[in-house]
Structure formats: structure tokens, C-alpha cells
Amino acid sequence: MKYALFLGCTIPARSRNYELSARAVAHRLGVEFVDIFDFSCCGFPLKSSDMKQAGLLAARNLALAESEGLAICTLCSACTSMLAEEAHHLEQDRGLLDGVNAELNKVGLAYKGHAKVKHFARVLLEDVGVDRIRAEVKVDLKGLPVATHYGCHYLKPSEIYEGVEDPEDPSSLEELVNAAGARSVEYQHKKDCCGGAVLVADEETALGMAKRKLDHVKEAGARAMNVVCPFCSVMYDDNQKSIESQFETDYQIPVLYLPQILGLAMGFDRKELGLNMNVVKTKSLTKEIIGEK
Amino acid sequence: MPEFKLEKVSSGFASMVVQEPGAEGIRSCYACGTCTAGCPVRRVNAAYNPRKLIRMVLLGMQDEVLQGKEIWLCSSCYTCQERCPQGIRITETIIALRNLAAREGYAPSGVSMQAKLIKDQGRLYALDEFDDKKRKKAGLPSLPSEVAGATKLLDEKE
Amino acid sequence: MKSREKVLIVGGGIAGLTTAIELGRRGVSSFIIEKKETVGGRAGTYACKAVNGHCQKCGACLVQDAIRESMEMGEIEISVKTSLAGLDREGKEIVARLKSGEGETSVRFSALVLCHGFQPFDPAGKPNYGYGRIPNLITGAELELMMKEKGDVFRPSDGKPAKDMAFVQCVGSRNPALGRSYCSQVCCGYALRMARQIRSARPSTSITFFYMDVQTFGRDFERMFWEFRDAIYWIREIPGDFFAAPGDRVGVIVEDEGEIKEMSFDLMTLSVGMGPSREQPVFEEWLGLRQGPEGFLASPDRDGIFVAGSATGPMSIPDTIVNCRAAVTRVMDYLEERS
Numbered sequence: 000m001k002y003a004l005f006l007g008c009t010i011p012a013r014s015r016n017y018e019l020s021a022r023a024v025a026h027r028l029g030v031e032f033v034d035i036f037d038f039s040c041c042g043f044p045l046k047s048s049d050m051k052q053a054g055l056l057a058a059r060n061l062a063l064a065e066s067e068g069l070a071i072c073t074l075c076s077a078c079t080s081m082l083a084e085e086a087h088h089l090e091q092d093r094g095l096l097d098g099v100n101a102e103l104n105k106v107g108l109a110y111k112g113h114a115k116v117k118h119f120a121r122v123l124l125e126d127v128g129v130d131r132i133r134a135e136v137k138v139d140l141k142g143l144p145v146a147t148h149y150g151c152h153y154l155k156p157s158e159i160y161e162g163v164e165d166p167e168d169p170s171s172l173e174e175l176v177n178a179a180g181a182r183s184v185e186y187q188h189k190k191d192c193c194g195g196a197v198l199v200a201d202e203e204t205a206l207g208m209a210k211r212k213l214d215h216v217k218e219a220g221a222r223a224m225n226v227v228c229p230f231c232s233v234m235y236d237d238n239q240k241s242i243e244s245q246f247e248t249d250y251q252i253p254v255l256y257l258p259q260i261l262g263l264a265m266g267f268d269r270k271e272l273g274l275n276m277n278v279v280k281t282k283s284l285t286k287e288i289i290g291e292k
Numbered sequence: 000m001p002e003f004k005l006e007k008v009s010s011g012f013a014s015m016v017v018q019e020p021g022a023e024g025i026r027s028c029y030a031c032g033t034c035t036a037g038c039p040v041r042r043v044n045a046a047y048n049p050r051k052l053i054r055m056v057l058l059g060m061q062d063e064v065l066q067g068k069e070i071w072l073c074s075s076c077y078t079c080q081e082r083c084p085q086g087i088r089i090t091e092t093i094i095a096l097r098n099l100a101a102r103e104g105y106a107p108s109g110v111s112m113q114a115k116l117i118k119d120q121g122r123l124y125a126l127d128e129f130d131d132k133k134r135k136k137a138g139l140p141s142l143p144s145e146v147a148g149a150t151k152l153l154d155e156k157e
Numbered sequence: 000m001k002s003r004e005k006v007l008i009v010g011g012g013i014a015g016l017t018t019a020i021e022l023g024r025r026g027v028s029s030f031i032i033e034k035k036e037t038v039g040g041r042a043g044t045y046a047c048k049a050v051n052g053h054c055q056k057c058g059a060c061l062v063q064d065a066i067r068e069s070m071e072m073g074e075i076e077i078s079v080k081t082s083l084a085g086l087d088r089e090g091k092e093i094v095a096r097l098k099s100g101e102g103e104t105s106v107r108f109s110a111l112v113l114c115h116g117f118q119p120f121d122p123a124g125k126p127n128y129g130y131g132r133i134p135n136l137i138t139g140a141e142l143e144l145m146m147k148e149k150g151d152v153f154r155p156s157d158g159k160p161a162k163d164m165a166f167v168q169c170v171g172s173r174n175p176a177l178g179r180s181y182c183s184q185v186c187c188g189y190a191l192r193m194a195r196q197i198r199s200a201r202p203s204t205s206i207t208f209f210y211m212d213v214q215t216f217g218r219d220f221e222r223m224f225w226e227f228r229d230a231i232y233w234i235r236e237i238p239g240d241f242f243a244a245p246g247d248r249v250g251v252i253v254e255d256e257g258e259i260k261e262m263s264f265d266l267m268t269l270s271v272g273m274g275p276s277r278e279q280p281v282f283e284e285w286l287g288l289r290q291g292p293e294g295f296l297a298s299p300d301r302d303g304i305f306v307a308g309s310a311t312g313p314m315s316i317p318d319t320i321v322n323c324r325a326a327v328t329r330v331m332d333y334l335e336e337r338s
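Protein chains in written order, with numbering that gives the first Met the number 0: chain V, 0 to 292; chain C, 0 to 157; chain R, 0 to 338.
Hint data in this document are derived by calculation from the structure and do not stem from the laboratory. Mixed in with the good hints there might be a few duds.
The calculated lysine-lysine pairs, modelled on DSS-like cross-linking and capped at a C-alpha distance of 30 Å, are [to be verified]: (1) V:286 / V:137; (2) V:280 / C:115; (3) V:270 / C:135; (4) V:240 / V:217; (5) R:260 / C:51; (6) C:135 / C:115; (7) R:260 / V:217; (8) C:68 / R:260; (9) V:282 / C:136; (10) V:51 / C:115; (11) C:151 / V:105; (12) V:141 / V:270; (13) V:115 / R:125; (14) C:118 / V:105; (15) V:217 / V:270; (16) V:1 / C:133; (17) R:260 / V:189; (18) V:282 / C:133; (19) R:149 / R:80; (20) V:280 / V:137; (21) V:240 / C:132; (22) C:136 / V:137; (23) C:118 / C:135; (24) V:1 / C:151; (25) V:286 / C:133; (26) R:162 / V:189; (27) R:162 / R:147.
Build out the structure end to end from the sequences listed, making use of the hints.
Laid out in C-alpha cells, this is it:
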């Protein structure tokens with residue numbers, strides 16, 4: 000199980016906790032990550048201004064991985080959808096592939112069309128398997144009630160994900176969290192978007208969307224949230240306090256990345272999982288689970 | 000929502016939009032409302048209404064669509080696109096409209112800024128020494144501050 | 000016309016029965032095979048929708064009439080619990096391998112009419128409806144059966160009557176994304192008739208219709224629609240999210256008159272459309288038949304092979320009767336030419 004790890008823009012700069020915990024968990028479970036230092040932005044934020052150029056960036060990243068003979072493992076859901084979508088389009092449209100290669104050739108690259116893109120959670124599910132994860136559990140999470148936020152790009156557009164999961168009735172992330180010993184809670188409108196992509200255009204709307212989710216999560220009695228994308232984390236973690244003050248609500252719900260939850264169950268400590276970098280304090284939560292470490 | 004004014008209509012607008020990749024199917028829209036009903040943005044902000052936007056495009060309301068802020072409110076969650084019974088690629092249509100708007104200089108400043116950063120650096124956030132130190136401290140590999148290969152590619156294209 | 004001509008009719012629903020009756024009226028014998036225990040097909044499970052003794056022209060009784068008439072006609076032989084193991088053309092004859100409790104037999108026929116009907120759309124094919132996951136969310140076919148068997152409408156979850164109900168139209172119809180671009184023609188009709196009947200039995204029930212257009216197929220239907228229109232709360236939108244609401248109610252999010260609303264109902268019915276029968280691929284393979292533009296079977300009308308009724312496309316009970324009568328004239332032409 001060897002993958003080219005695709006970090007994108009936000010994670011190396013702003014979400015090192017996700018990167019740390021993902022690398023730690025991957026290593027423990029036998030997933031080898033190779034760093035391709037030439038990877039650039041996946042192209043997602045450029046799509047709205049110029050989708051052709053965005054597609055080119057994505058194609059370049061695909062070509063780089065392909066030339067190393069590696070499949071790509073992504074951590075950010077937006078990167079996943081951008082890269083997988085481009086791979087899908089290039090597979091379907093010969094003319095598009097030729098056009099893209101004409102540009103890639105100018106910088107000495109070529110894309111044959113065989114790249115595979117998988118989100119880290121899929122790698123855990125499909126390559127590692129829930130049973131193996133369960134076997135690695137060393138710390139009892141005591142059925143910690145966790146609300147999973149699937150987000151949007153992890154599941155959609157469904158056609159680029161080969162029908163692996165039904166976006167209207169997802170269950171993969173909860174399976175993983177439950178295997179680690181936490182207890183997934185159902186909450187209202189769990190399929191709702193975090194609003195991250197609207198932040199740059201209209202902060203109030205974006206925060207309003209995140210607030211709705213936090214309300215439902217709190218209502219359901221969850222003690223933590225599970226996310227698999229830095230965009231979503233920014234909305235629920237980084238912005239939780241702003242939402243609390245703007246809308247006069249109170250949550251204090253830690254927002255953990257999936258590998259942080261799995262990592263806690265596997266016995267990693269706070270430092271190894273970057274838990275000090277989470278914005279909403281996680282100390283009291285981890286104290287309950289792993290003591291003062 | 001803007002008012003429809005017949006004298007302001009741009010009769011070629013719909014035909015132009017339909018040529019953009021992703022927006023080919025919009026003429027099939029029979030306004031069933033499934034998209035708007037499922038839209039997570041609409042629930043919070045009544046100004047955003049995907050069904051209305053498509054109708055406005057088909058009615059030729061070019062200025063209102065391309066200069067308005069509505070098309071920038073889509074969170075690209077794809078819910079509408081997944082559910083549309085006519086198979087219209089609504090999310091991709093919104094992106095196509097944004098591209099048209101951006102070409103004419105109507106993108107919000109935050110969006111243009113991000114686009115410029117990516118074209119200049121190959122990344123949204125250039126990793127400076129400060130970031131690099133933090134990464135090293137956490138035991139993470141160093142990454143190049145900018146990605147020359149990417150910027151070169153985009154330069155060549157232009 | 001030689002009375003030795005015998006036509007094989009596959010399917011003992013309204014289409015098969017009508018075909019047999021029409022052939023019988025012209026002196027031609029037929030042999031109906033029906034894989035179930037009784038004849039009547041799906042339409043035979045539909046309840047009479049009369050309201051206060053006024054006929055709503057739903058066609059359910061036409062099926063019962065056809066069953067009776069077919070039993071009384073000497074030219075018609077019916078074999079239930081009988082299915083097909085194979086179909087072939089040999090020269091000018093159709094050879095059918097029939098399978099029943101008594102084993103397999105091979106029988107020869109002069110002509111074949113396939114009347115194997117349709118398959119109602121399974122809403123599990125469009126997951127956002129949440130069918131199967133949300134209690135008290137049923138299909139139009141299930142509602143029909145409930146009304147016929149119990150004479151009343153209950154919430155499956157607790158057996159209590161519904162104080163408020165909703166119908167969602169165009170489920171599995173007018174949906175190219177699902178490969179079903181056509182209008183199934185019967186759903187607005189059956190939903191409205193059922194709604195009318197429910198209202199007359201329990202006038203306090205509030206009924207909401209989520210629709211796109213009301214398709215008034217049939218001569219008298221539009222008049223009936225205008226008569227009944229005010230008794231229903233019409234929302235010209237199809238809901239986006241379907242979810243389980245407290246109290247085992249069905250919740251939806253819908254845009255009504257420009258506002259996003261969350262609504263819930265004791266019972267919700269998905270007015271499912273008609274689709275090609277599950278048997279269709281078998282017939283395509285055995286007889287080299289082709290599909291029509293909507294994915295149903297196109298009647299080849301040659302070599303003694305015909306397809307009639309809803310096996311050829313969505314249609315109501317009266318339309319099925321008309322379609323089969325028309326098919327019979329073509330069968331008769333074929334038999335005459337042949338002899």
C-alpha cells in the first residue's frame with residue numbers, strides 16, 4: 000500500500016494537525032506515503048475564475064503521480080474531487096486529454112490517463128480494512144458520541160467516485176469511527192454542506208450554514224465532530240467561536256480530524272496527533288480518554 | 000431578486016451559456032424545484048436560488064446574472080446536480096457562469112485574489128521560513144515555498 | 000378462418016384477458032398462461048375508487064369484467080401457475096416450452112401475443128427519497144393495495160389513520176437522469192382519485208400534492224380535476240430532502256411560494272410511475288425483440304409475434320384495452336394471410 004500523498008494548499012500551512020495524525024496513523028497501519036515535492040495546488044480555488052487553467056493544474060499533478068507509478072492519496076475532500084473529476088473527464092474525453100497534453104508537453108510532462116485518486120478515508124476502508132483498524136485499538140474510547148460530518152466533496156459528484164458510496168445514505172466514515180470504539184450519533188440534516196466554499200464570497204451566509212450544523216450536532220448530544228476536510232474544519236473549528244458570538248450560541252464541541260480520532264484509539268499522544276493545534280480545546284476530551292498525556 | 004425587464008434582455012445569452020462545458024443541458028429545466036429545495040445555501044440565504052438562476056439565464060438576463068453576487072453564493076456541494084431529474088449539471092453551470100463573469104471582471108475580490116496567488120505561486124499559501132520551522136518542529140518534511148512547475152505551466156497557457 | 004388457429008398469450012392481466020376476449024369474439028382460440036395463481040395482473044389489485052356511489056372511471060372494475068368474461072368464453076383456455084421455459088419460431092409456428100407444476104411441455108401455436116405488463120418504479124432507485132429508510136413513506140402501488148384489502152388508509156408504523164397526507168408526483172417518471180424521460184400517464188390520475196376517495200371517507204384528512212404538472216389523460220379526467228381541485232393543498236415543487244420527522248412522520252424540505260419550508264406528514268405516498276417489466280430482457284433474448292424509444296418493448300408485428308398492453312409502454316387500464324383491441328386486428332390480419 001504505497002501512495003503519493005497529496006497535501007494541497009491548506010494542510011501544509013494551516014492544518015498540520017491533519018497531516019501529522021494522518022501520517023502517524025498511515026504508518027502504523029502499513030500505508031506508505033511518498034512525498035512528491037512538485038505537487039502544486041490541486042486547482043480547486045481557481046475553478047471559479049478559470050476552469051480550464053484549474054483543470055490543467057490538476058492534470059499536472061496527476062501526470063506527476065503517474066510518472067512515479069503511484070496512486071494519489073488525498074487528505075482534503077476538495078482536492079479529492081478536483082483531481083478525481085479531472086481524471087474522470089480526461090478518461091472520458093480524448094480530445095480534452097490531447098489538449099491538456101499539448102500544454103503539459105510545454106513543461107516536459109505527459110499524462111497517459113491512468114491516475115487513481117483516493118481520499119485517505121477510502122484507503123483506510125478499502126486497503127486497510129475495518130477489521131485491521133479494530134485490531135489496532137489499544138485505548139478504549141468508551142463509546143464517545145461523535146457526530147460525523149461527511150461534507151460534500153468526499154461523496155459528490157458521485158459519478159467520479161465509481162458508485163462506491165451513496166451520497167444520500169453514506170456510512171463509511173461512521174464505520175471507521177465506530178471501529179475505533181467511538182459511537183456515531185445520528186443528527187438532523189447530516190448531509191448538509193459546511194459552507195466553506197461560500198466563505199470567500201459571503202462570510203455571513205457561510206457562517207449561517209456552519210451554525211445550522213453545529214446546532215443539530217449539539218442537539219444530538221455529540222461530544223465531538225469528525226471531519227475529513229480542512230475546509231470543513233475551518234468552518235466548524237476555527238470559526239466556532241465567531242459563530243458563538245455572532246449568533247449568541249454555545250457549543251464547545253471539539254472538531255477532530257478522522258485520523259485524530261483513530262489515532263487516539265491506537266494509543267498515540269496529543270503531540271503525535273497535533274491535538275494542540277485544534278482551535279476548540281480538546282484537552283478535557285483527551286484527558287477523559289488517555290489521561291493527562 | 001431582480002425584476003425581469005424585456006427591454007434589457009440579451010437574446011444571445013442563453014445560447015452563449017449553453018456552449019460552456021457543463022451548462023449544455025439547462026434548456027431541459029422544467030422548474031420542478033428539486034434543486035432549490037435541497038440547496039443548503041438557500042436555506043440560510045434566500046437570495047440564492049439555483050432554479051431562479053437557471054430561469055434567468057434562459058430569459059436572457061445577462062447583466063443581472065453575471066454582475067450579481069448570487070452566482071458566487073453556491074457552495075458547490077453538488078446536491079442539486081445529483082438530484083436533478085433532467086440530469087442538468089447545475090453546479091457546473093454555476094461554475095461556467097462564474098467563469099464568464101470573471102472574464103468580464105465581475106469576480107469578488109477574494110476570488111480574484113486567490114486566483115492570482117495560485118497563478119503566481121502555484122499554491123494558495125506560500126510556505127515561508129516561519130511555516131517551514133513549524134513543520135520541522137512537528138517532524139514534517141519541508142516543502143518548496145512555491146511550485147515553479149505549476150506557475151510555468153499556467154504562464155505557458157496564457 | 001380455421002378454428003384450429005390457436006394464439007398463445009403470455010400474461011393474464013388486463014392486456015392478456017382483453018386480447019383473448021377480442022380474439023374469442025372473432026372465433027379465434029387462445030391459450031393464456033399466467034405465472035401467478037390468479038389472473039387479473041396488477042390492475043386486478045386496484046380498488047374501486049367510487050366516491051359516494053359516483054364512478055371515478057378508474058377502470059378497476061373493467062378488470063373484473065374481463066376476468067368474468069374470459070372465464071365464460073369457450074375459446075379461451077387459461078393456465079395459471081404456468082411460466083415459460085423457452086420460446087422459438089419454427090417455420091410458421093411458435094413453439095413454447097411451458098413449465099407448470101406438472102412439469103414441462105412443448106406446445107405449438109399460430110401466433111404469440113406478449114402481454115407481460117410493467118414493473119412499477121422502485122423508489123430505492125432514487126436514494127434521496129429515503130424509501131425503505133423512512134417510516135410511513137409508501138408507494139402508490141402500496142396505497143392501492145392497502146385501500147383494496149383494508150378499505151381504509153393507515154400508517155404502516157402504528158396502524159393509526161393519517162390526519163395529514165401528501166403525495167409526491169413524478170416519481171420515476173419525467174426523469175432522464177434515471178433513464179425514464181417519459182410521463183407515465185397514470186400517476187396524476189390514480190393519486191387524485193385515491194385522494195378524493197380518502198377525503199370522502201375521512202373529510203378531516205388534509206392532503207397535499209407535490210407536483211410539476213397535472214397530466215389530465217383521459218376524456219373525463221380534466222373535468223374531475225377541476226371539481227376536486229380545491230380540496231387539495233397544491234405545491235408546484237418536488238421536495239429535495241426527505242427525512243424521518245418526530246412521531247414517525249415524513250419530513251420534507253420544499254420551496255413553497257418562494258419560501259423554504261420544512262413540512263411533515265403522517266403518511267406520504269410516492270406516486271411511482273411505470274417501467275419495463277423485469278421479464279423484458281428474457282423476451283428480447285429469446286425472440287430478438289427490440290426496445291422502443293422509452294425502453295419498453297416495441298411490437299414487431301411480424302412472423303406472428305406481437306406485444307400489447309403496458310409491456311409496450313406506460314398506459315392506463317382503458318388505454319390498455321384499446322391498445323390490445325388494436326393489436327388483435329393486426330393479429331387477425333396475420334392469421335388470415337397465413338392461412
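### Task
Just pull the numbers of the violated hints for me, sorted ascending.
Failing hint: just 2.
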